[in-house]
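Enquirer: Use these hints to put chain G onto chain X, whose structure you have.
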Amino acid sequence: MASATLAPPSERTYRDFQRPLWKRVLLTREMAVVGALALVIAYASLTVKNFGAPITYTYLFLDIAAILLIALPMTLIIVTGEIDLSVASVVGLSSVLTGTLHQAGLPFPVAALVAIVAGAVAGSINGFLVTVVGLPSLAVTIGTLALFRGLAVGLLGTTAITDFPETWRDLATSKIPGTPIPSVVILIVVLAIVFAWLLHFTPFGRGIFAIGQSKEAAHFSGVRVERTKFILFVLSGAVAALAGIYYTLRYGSARGDNATGLELSVVAAVLLGGVSIFGGRGALHGPIAGALLIGAMASALRLASVTSDVINVITGTLLILSVVMPSLLAWAQSRRARRRGKRKGETPASAGATPGTAASS
Amino acid sequence: MTAPPAASPAAPTLVLDGVAKSFGPVVALRSGSLTLRPGSVHALIGENGAGKSTLVKIIAGLYQRDAGTFEYLGEPVDFTTTAESKDAGIAVIYQEPTLFPDLSVTENVFMGRQPTMSFGRIDKKAMRDEVVSLFEQLGVHVDPDRPTRGLSIADQQLVEIAKAMSLDAKVLVMDEPTAALSGVEVERLFSVARALRDEGRAILFISHRFDEVFDLCDTVTVMRDGEYISTSAIADTTVDQLVRQMVGRDVTDLFPKVVAPVGDVLLKVEGLTRTGVFHDVSFEVRAGEIVALAGLVGAGRSEIARAAFGVDPYDSGTVTVAGKPLPGGDPTKAMSRGLALIPEDRRRQGAVLDSGIARNVTLTIRDRLTRFGVLTNAAENASAREWAARFEVRAPSLDTLAGTLSGGNQQKVVIAKWLATEPSVLIVDEPTRGIDVGTKSEVHRLLSDLAGQGLAILMISSELPEVLGMADRVLVVHEGRITANLTREEATPEAVMHAATHSLEETR
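In the order they appear, the protein sequences are chains X and G.
The numbering of the first sequence is numbering that gives the first Met the number 0, which starts it at 0 and goes up by one.
The numbering of the second sequence is numbering that gives the first Met the number 0, which starts it at 0 and goes up by one.
Next up, chain X with everything else stripped away, as it sits in the complex (with noise of 0.2 angstroms):
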């Protein structure tokens, strides 16, 4: 409309990236970590006994399902700069509330139903917590952590119900038929195809970025900001209570206490896989390359026999190094270039002042 009689475009082109595809694409954060799994991968086939056996990815992908699944909704969370530190007390609930509502005769594909159901109500609260009393999410997710665990093991005491169909049980430990990968990696495709769609090809995604990048910026532009955020803690009530409902049914035990501390191994994931603990930075592959280095690494350590303690602290260097690599690299490279202006004779930019002539063609 008004802007067809403006000024008629300049002979000014642009090209669409700086950068060129393969560098784009292979020179990430994201993919170190992918390339970091290939490694541990290869060099567990070789050295460790039995790391190659098909049985090993089984349970490999048993063991992370759970962990993979909650990492999908936590990093668009982390990616708007929030947290959901009660992931894993939903869990717990989710696992409570489908035994206790299957054993009171409800048919069990219900009993999940409603599980889900509560996990979204779960995650209602923080998001109303959050977003509309506006406390940070933070403080809210690590009372409702409490809070939901509470709920969970009140429900149920310290007993435990195993009892649940057969056909269910089995259908979570299943394997996919011809290969060793369990059916429920089926299930995590749907939801990784789903969670990336949703955060890189749709406008909701572009406002989820924008609030990690700058929330002020963002409602100016009139992202709803609010909605936004209830929304993803909505989500990841939901999946947190559909890992619940697969963590019961592959252990065959609805338990108060179930997946305790699950939460941290969520958030080292997403953080392993790239996506910045500030927010506005991360791609979804990251994470899932997280889980899974994380899974191989723990999975090979183990079969060499080496105790869970030493397992922990190797997971946590390697959490803390990913985590302080960025700033260090953008240190290194703000030095490199500080030293280059020197020897230059440039003057260094003034505080208030932009560095943009730079980037002028």
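No lab work stands behind these hints: they were computed from the structure.
Just so you know, these numbers come straight off a predicted model, no measurement behind them.
Ideal placement from N, C-alpha and C gives every residue a C-beta, glycine not left out.
Accuracy of the hints is not assured; some may be wrong.
[Said to hold, decoys possible] What follows is a set of in silico ranges between Cβ atoms, one per label pair, in the way DEER data are often shown:
hint, chain 1, residue 1, chain 2, residue 2, range
1, G, Asp101, X, Ala145, 26 to 36 angstroms
2, G, Leu72, X, Arg14, 56 to 66 angstroms
3, G, Pro146, X, Leu137, 20 to 30 angstroms
4, X, Thr259, G, His140, 56 to 66 angstroms
5, G, Pro146, X, Phe277, 30 to 40 angstroms
6, G, Glu391, X, Leu137, 42 to 52 angstroms
7, X, Arg226, G, Pro324, 16 to 26 angstroms
8, G, Glu269, X, Arg18, 44 to 54 angstroms
9, G, Asp65, X, Ser333, 17 to 27 angstroms
10, G, Asp122, X, Val322, 40 to 50 angstroms
[Said to hold, decoys possible] One side of the interface only, derived from the structure: several residues of chain X facing chain G at Cβ under 10 angstroms:
hint, residue
11, Arg11
12, Thr12
13, Tyr13
14, Asp15
15, Arg168
16, Phe200
17, Phe203
18, Gly204
19, Gly206
20, Phe208
21, Glu215
22, His218
23, Ser220
Expert: For chain G alone, kept in the frame of chain X given last:
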């Protein structure tokens, strides 16, 4: 240039001469000169952007000058940090005091240099005694033991002054200290200032209020466009003279304003109120019209614009767009109804600095670029390429981060992002702040063109020449109220400045 008054009783405490400061391509201060003498209250006046604050920040050691001389107590000095200037005896009191709210008044006065006894224990009694005697000297009644949280701004400023006194400051700079004070509080501040003056300290007083300048000060320095204009004794000058010196320049040729045919009312604001921020604001903007909201920084202009667009809430009143009421507090809704807001703070509100040009330009129209539920880079780039070319954004590629662009190019990206929504009402808040002269006139030509195409434009600007050159009508805001509605003919620099510095009652 007028020479400073020749016959002066005492040697100057502080002399700045020909001081300059730029930030990249933006010149904040061209040539600032100032002479402060002991036992004198010196006023520094000038329009927004005249360079007063930059000058103060150089005195405070926050900025380092690029050129010129700076002498303090007869010696040339180079303050590289605020601590150095503080130690030398220069204290700056800002409009909003920066105290620790949970510490007591006494603890705040001695923050970072508490007197100690043996084993490094803090000597609380010595601290308290000194504060009591300082307050007595200043004639201040504030409980030294209470936390500073909950103190009025006026009392907080007095605590800051006590802090300066305890450091035995020889120069006290007050940067618009009265902006948030009531009449009684201003009087009390003035009596403290006079007491300090009589002790032989040099005081620099920055204010937009002429009555205060004439009441308190004995000397006045005028600045304009980053340059020193004049220094004169208060007794030898008048308000009219000062206003002329503040604005005096030819403004008509600078902006190529084309008067467009005026159409229907597109934006109508009635009785808009946000308690404590702005009150009972009503105005209309018609198609083809550029209406300026003029006034001083902090008068509430941006707040009015933000509330109308919906990024801030308001308490009462209505906003009507093209005849239909617009619900408050929902920018997304406002956008769908044809409103666009190019905000004041480009780096925080306008652009997403860590994001590329394409993502920035298409953030506002991303819903439209979706095909079968999928939004791709290709769709974004195609749209962004067109807009970047139209505004000649200088960048090699569409994924160049907005944060690495110069101010003018960033502003082009922000303008593109909002014009991409094809608005019918465009609100621009300080559209040319901090951008180079060339881009500035491009922006002016663009705004004029857009009005010619039938957009209704509401422009907030602190630059008087821009307001007078561009606007068909000028609304002047003073302390959250509209104090004047001037036509293009009525809007003289003097009329606007007068309305911007006087409340409604005084204007009548």
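Enquirer: Work down the list of hints and note, for each, if the structure agrees.
Expert: Cross-check of the supplied hints:
1. G:Asp101 with X:Ala145: 26 to 36 angstroms: For Asp101 (chain G) and Ala145 (chain X) the Cβ distance comes to about 28 angstroms; the hint holds.
2. G:Leu72 with X:Arg14: 56 to 66 angstroms: holds (58 angstroms)
3. G:Pro146 with X:Leu137: 20 to 30 angstroms: holds (27 angstroms)
4. X:Thr259 with G:His140: 56 to 66 angstroms: holds (58 angstroms)
5. G:Pro146 with X:Phe277: 30 to 40 angstroms: holds (32 angstroms)
6. G:Glu391 with X:Leu137: 42 to 52 angstroms: holds (44 angstroms)
7. X:Arg226 with G:Pro324: 16 to 26 angstroms: At roughly 22 angstroms between Cβ atoms, Pro324 (chain G) and Arg226 (chain X) fall inside 16 to 26 angstroms, so the hint holds.
8. G:Glu269 with X:Arg18: 44 to 54 angstroms: holds (53 angstroms)
9. G:Asp65 with X:Ser333: 17 to 27 angstroms: With a Cβ separation near 24 angstroms, Asp65 (chain G) and Ser333 (chain X) satisfy 17 to 27 angstroms, so the hint holds.
10. G:Asp122 with X:Val322: 40 to 50 angstroms: Once the Cβ atoms are compared, 44 angstroms apart, the range 40 to 50 angstroms for Val322 (chain X) and Asp122 (chain G) holds.
11. Arg11: Cβ of Arg11 (chain X) sits 5 angstroms from chain G, so the hint holds.
12. Thr12: holds (7 angstroms)
13. Tyr13: holds (5 angstroms)
14. Asp15: Because about 5 angstroms separates Asp15 (chain X) from the closest Cβ in chain G, which is inside the 10 angstroms limit, the hint holds.
15. Arg168: violated (36 angstroms)
16. Phe200: holds (5 angstroms)
17. Phe203: holds (9 angstroms)
18. Gly204: holds (8 angstroms)
19. Gly206: Status holds, d = 8 angstroms.
20. Phe208: Hint holds; Phe208 (chain X) Cβ to chain G Cβ min 7 angstroms, cut 10 angstroms.
21. Glu215: Since chain G brings a Cβ to about 5 angstroms from Glu215 (chain X), closer than 10 angstroms, the hint holds.
22. His218: Nearest chain G Cβ about 6 angstroms off; hint holds.
23. Ser220: The hint holds - Ser220 (chain X) has a Cβ within 10 angstroms of chain G, the shortest such distance being about 5 angstroms.
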